[in-house]
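Protein chains in written order, with the working numbering: chain B, 1 to 521; chain C, 522 to 803.
Be aware that a few hints might be false.
[Unchecked claim] Some chain B residues close to chain C (C-beta under 10 Å, calculated; not the full set):
(1) Tyr-34
(2) His-36
(3) Phe-47
(4) Thr-300
(5) Thr-303
(6) Asp-319
(7) Gly-385
Note that these hints are calculated values from the structure, not bench results.
Where a beta carbon is used, it is the ideal one built from N, C-alpha and C, also for glycine.
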Amino acid sequence: MKFNKLLSSFVSLSAVAFMLASCSTGQNSDDTVYLHVYNWQDYIYQFDPQNGYESPDMVEQFETFINTPENKQTYGLTKNVKVIYDTFDTPETMYNELKLNKTTFDIMCPSDYMIQKLALNLDGLESTRIQKVDFSRAPNYAKYVSPFLTDNLKDVLIDDNKPELGSLNDYAIGYMWGTLGLLYNPGAKTLVDKGYTEETIIEDFTKSDAWNILWENDDYASVASIKDSIRDTYSMGIMHVYNDEFKNLQEKYEAGKITKDVYKKDINAIFNRNDDETIKKVQEALIELKNRIYGFEVDTGKTDIVTGKVGVNLAWSGDAVYSMDQAEEMKQFFYYSLPSYGANIWFDGWCIPESCTGDNLSAAYAFLDFLSIPDNAAANMDYIGYTPFIAGDSVLSQVHEWYDSKDAENAVPYDLGYFFDGTLESEESDPIIMCEPEQTKRQLHAQYPEKNEIDHLCIMKDFGKANDSIVTMWENVKVNPLPIWVTVIVIASIVFMLGYLGSYQLIRKARIKRRKKLRAK
Amino acid sequence: MVKKILAKTYIFLILFLMYVPILVLIAYSFTNTQQIGQWNGIFTLELYAKLFKNQDIMVALGNTVILAIISAAVSTLLGTLGAIGAFYANKKTRAAIENVNQIPVVNAEIVIALSLTFVFVILGQYIFKAHIFSFWTLLIGHVVLCAPFVYLNVKPKLQQMDPSLYEAALDLGASPRSALKEVMVPQLLPGILSGFMLSISLSLDDFIVTAFTRGPGLLSGNESIQTLSTYIQGVIKKKAIPIELRALTTLIFIGVIVVAVLVTFYNGKQSRKIKKRKGREY
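With the rest of the complex left out, here is chain B:
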């Protein structure tokens, strides 16, 4: 009896705790707004004194910043703001959590194609709908964002057939951006043993059609690892399959036969092709690639190349910077190649779900605006290694500090005017970096592509309706198709075993029945 009482009280108690726990989050109390932020893991400045990051977390700095009377007034807040900071591992995880309506977030930071998918919201769900951004509520962003990037975002229409839906720029406050290129180690032991010199390797990888190199040269392919990611490999496949078309367009553009707008539109159209024929061609190319390369990797490429397991890696610019920094500590020097016939440029940006309103919306804009202050953007860049959307003096001086050459005589100019022009306030800021010649192929090149390369960068949109066929394509690439005779033998043996077991059971049952009958007699 006593036990039962205990049990029932425990059950009711846990039910109460269950309710309490579910109510305590997401709901604002009288004097505090809870701002629920959803970001990639390790994608914001954090307090880490052991590695020299002495100031408090960016989130904490924001809470100190916003909870002063003046700043509250500026952003239209009356209550205090407290940030709940959650992290996801991939945009797909984020999308599924939204779709299931597990929790509600006030701002989240997926990649470009995912923002497009959310803005399009083909599923028509309430929980995955995002709202348009009001830039007047984030004045720092409007002031310091690089015009080069907003132009790029404006080029991506949410739906090509419905221009009234607007572009990516209407739905996102940019955070970080980068490119997808080939990271390579000119001192890789396997290559050196085969008679390659550092100069020939660098020369091969800086060719305009370097994307083809892994299909053409088995020595490079055998030391290359490729990201196990459907979008990144697809973009590489496209670059290989339509290499000639990219080449022709570029020649026309450089000869002045077509304007920049037409050129950009055309290369983006090729880059985003996903008709059945293209998918088939890409599949063939990727299967060929798979049989040549060292292997696919899941997020280990950036360390594998440092330990010497591979010599070439398909890398995001930020990962490339990480690997180059790591390698430098061991006196190894890696290079980053962005083949000039074209490459992928990508963005991670903040978007705001429809469900975020009132005080939460004000707090959300305050947070995004705080991140857009150039000092903070520079701190994030320093900590994460990726390149922020924000230009401005402090970011530029950070770049100067990292890359200005000590050896003035051999320094070469690296023009970042395309990125910083229009955001600089100080007279002394000079967007031309005088860097060491190697830097034009290394970290600086990964963080900011060269001026003459930026026209050739393409954005990969959401696959849209072709998504299913591309996923099937990727599955076909990943599995090793069995020869027909193996399939036949496997199926035959399974059928035989099932038939044997089944008939054995039947025989046994019949026997038992007969025995029972005999016994009854």
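On the provided structure of chain B, position chain C as indicated by the hints.
Leaving out everything else, chain C in the frame of chain B:
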């Protein structure tokens, strides 16, 4: 003789191959190189100091351990009681329970995780009218994962036991509760303990169910609960695995060894005791 030597080399070779990766990791936990494979010759305990100062890892570790202990305790309780109940139930009920118990064991983890998530989402939408993902949903997820294994561990002990012991205790005047406590549990203890240990290890390294059913709570406060597995999965997307984890792995490995040795020692003592008792009897 030759056969014996060959057999021994074979065993040692396999053990060696199994433990080499862990030993390499342990060796590298005493140096501060960023990459495994690049021995820089510096012997230092820096990683251990860093480990305890890394708040993210400490929070994740704390969450993992608390969750493992609580979920193992709950699963052990449920699994043991379930096994006893099923053992004394009639044949049909027992067969039904046994079959239902097999489902989570045989099923892919992702199916369990997804179905639990759906249940919680529906509960939250129609009954609680709020988002109910929290420590409790995570706990339920882990108990669903672990309890069937406890059941499977206790069952053989029940079959070894004389089924009339419990009835004899009742006949001799014990109340059902004390009969359970004084007679049944000591008989089943080895099975219960191994079920508990298994639950802990299942819960410690679980990723899929955790990722699907977690919500805010425990040491993470208002933020989603991070366990070691979800933390590592998130961190490798934009950065590499933190080097401090080498130190943590070493510590966990040592902890496991200590527990394993203690258990073996205890079992040895127990079996010696039983032998003695048997010696007296016969």
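Next item on the list: Return the status of the interface hint for Gly-385/B: holds when the least beta-carbon distance to chain C is below 10 Å, violated otherwise.
Entry: holds (8 Å)
Check: Going by Cβ atoms only, is Thr-303/B closer than 10 Å to chain C?
Finding: Cβ of Thr-303/B sits 5 Å from chain C, so the hint holds.
Next item on the list: Have a go at the His-36/B hint: is there a Cβ in chain C nearer than 10 Å to its own Cβ?
Entry: holds (9 Å)
Notebook entry, point to check: Can the hint on Asp-319/B be confirmed by a CB-to-CB distance to chain C that is less than 10 Å?
Noted result: holds (8 Å)
Checklist line | Restraint check, 10 Å cut-off on beta carbons, for Tyr-34/B near chain C | finding: holds (7 Å)
Checklist line | Phe-47/B as chain C interface residue, shortest Cβ-Cβ below 10 Å | finding: holds (8 Å)
Margin query: Take the shortest C-beta to C-beta distance between Thr-300/B and chain C; is it under 10 Å?
Written below: Holds, because the Cβ-Cβ distance from Thr-300/B to chain C comes to roughly 8 Å (cut-off 10 Å).
In terms of the numbered hints stated before, the structure departs from none.
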